Amino acid sequence: MPALRRLGAVLAVAIAMVVGAERAARADEQAARADAWDVSLRAGYAAAWTTGVSSLGVGLGGSAGYVFPFRIRLELVAVWSAGDTDGASNGVITYRSSYSSLRGTAGASYEIPIGPVRLRPGIQTGFTFIYGYTQVGPAKLRDGEPRFIVGPALAAVLRLGRYDVGVAAEAFFLPSWVAAPSAGVYALSGMRF
Amino acid sequence: MSRASLMRSAVLVVLAALTPTCAPDSRPLPPCDASPALPNVAPGAPVVTVAAVGDVADCGGGSQMAVATAIEGIGPDAVFALGDLAYPNASIDELVDCYGPSLGRFRSITRAVPGNHEYHTPHAGAYYAYFCGSSGETFKGFYSFDIGKWHVVALNSNCGGDLDVVSDVADDFGGCGDGSPQAAWLRADLDAHPTGCTLAMWHHPRFSGSSEGSSPMVDALWRIVVEHGVDLVLNGHAHNYQRFPPLGVDGLRDDANGTRNIVVGTGGVKLASFSSSEPNRSEVRENDSHGALRLELREHGYAWAFVPVNGDPLHDEGVATCRH
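Chains as they are written, first to last, in our numbering: chain A, 1 to 193; chain B, 1 to 324.
Some clues are possibly wrong.
The calculated SDA-like cross-link candidates involving lysine to any residue, where the alpha carbons are at most 25 Å apart (straight line), are [stated by the list, open to error]:
1. A/140 - B/284
2. B/140 - B/181
3. A/140 - B/139
4. B/149 - B/270
5. B/270 - A/49
6. B/149 - B/320
7. B/270 - B/284
8. B/270 - B/256
9. B/140 - A/89
10. A/140 - B/27
11. B/140 - A/137
12. B/140 - A/139
13. B/140 - A/178
14. B/140 - A/176
15. B/140 - A/131
Note that these hints are calculated values from the structure, not bench results.
Because the structure is a prediction, the values reported are computed rather than measured.
Given only the sequences and the hints, what does the whole structure look like? Please build it.
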């Protein structure tokens, strides 16, 4: 019978170990899931190659992302860019041209952990709404059409507890405007939950 | 520095960055000194001297000042500016600061057409403002006028075929297709001037042996001018000089019913090479000198000469009679 008791004890210990390991794994998974969502604000600057009156410039926006256990991160980003206003006048004729833009993109990236830093190379696509007007004397044209954009993105985020700070660099190409690629750099600040 | 002053500085930086949106930059435009009629030309004058050139002021350098000096030597009654007048974007700053000191000194006697670089700035607004309404209805860019014994039509060839401008750029004026408002206007205008000598100018050449290539997007306009007996077409876009023999609607030599075409994209920006893949239809072509085309518009014909900068010998000159 002592052998049976020993076997029972061993089984009890083994079961306890398995259950403990399972609990620990579940806790890790829950902790990881707790970190999977993030939101952040961003502020930065962007410019396009061929633009007499820029619709980019200083930009403010936000993003929300989710990291899957296999390190793929999906993200939604919205950025408003202040753009630029140009003008001239000689008393007879007045010229004003003012443009801003609002961009909404969906992106996918692969999250590479390097210590407390997460590097996120990826791709974004969506639409940018370039809106504004050009006026020469009494003649005025308004713009507001969406333009399809696509391009690569790279973000580096430093984890500070539940908070993130980092930098995102993006480039976009407008298929409807081949020679007007744009690029921007934004500072990020957000949190995970 | 205290935290409060740091915050104040940060707020001021953000506000300064956003200022252009709130308070538009408004620089002085040169006065609108261009009269509806070209001031140096008496109506019906038997001989008129014109300088024509495109692809002018490169704000990063360029030979536009030397070209302006060459034009001063021509002593023109009028200047025809063939588009791409300020690089890279023909913004109001580039037009005033780069084109202004060079060919801008002839602004009061200039009639211009817009090139693709004018549309780097939305709707070519700065171009229309700079020329104060002397180069056609704002945002349309096609118009006609008489000079001496000649009738001149100026067209907008920004038909959406360029990669450096937004693809729907032609929406402003309806494009260049056979059924476009511009084509209908062109037919009506040429029908109203059935006799005498006629010149047409626009930016993109229908046929070119240059690295920029030919522009099939203006084919309908080319066909209309050839079929209506236009004597001479002037273009820019190609950064070199090409003088073609009279060409028919399909670009083949047609001495009886063709229209002569001269490409003068030598106004100051870096010159461009010729393409080995494009057929060479020209009689004379050069890309080793900036300069302007000197035209003498006579009662029944015209004389041309390419005037290079720096007093180089004339590279090309000739005379022709009008078709009607």
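Results of checking the hints against the structure:
{"no.": "1", "hint": "A/140 - B/284", "verdict": "43 Å, violated"}
{"no.": "2", "hint": "B/140 - B/181", "verdict": "10 Å, holds"}
{"no.": "3", "hint": "A/140 - B/139", "verdict": "9 Å, holds"}
{"no.": "4", "hint": "B/149 - B/270", "verdict": "35 Å, violated"}
{"no.": "5", "hint": "B/270 - A/49", "verdict": "19 Å, holds"}
{"no.": "6", "hint": "B/149 - B/320", "verdict": "15 Å, holds"}
{"no.": "7", "hint": "B/270 - B/284", "verdict": "19 Å, holds"}
{"no.": "8", "hint": "B/270 - B/256", "verdict": "36 Å, violated"}
{"no.": "9", "hint": "B/140 - A/89", "verdict": "21 Å, holds"}
{"no.": "10", "hint": "A/140 - B/27", "verdict": "19 Å, holds"}
{"no.": "11", "hint": "B/140 - A/137", "verdict": "14 Å, holds"}
{"no.": "12", "hint": "B/140 - A/139", "verdict": "11 Å, holds"}
{"no.": "13", "hint": "B/140 - A/178", "verdict": "23 Å, holds"}
{"no.": "14", "hint": "B/140 - A/176", "verdict": "21 Å, holds"}
{"no.": "15", "hint": "B/140 - A/131", "verdict": "21 Å, holds"}
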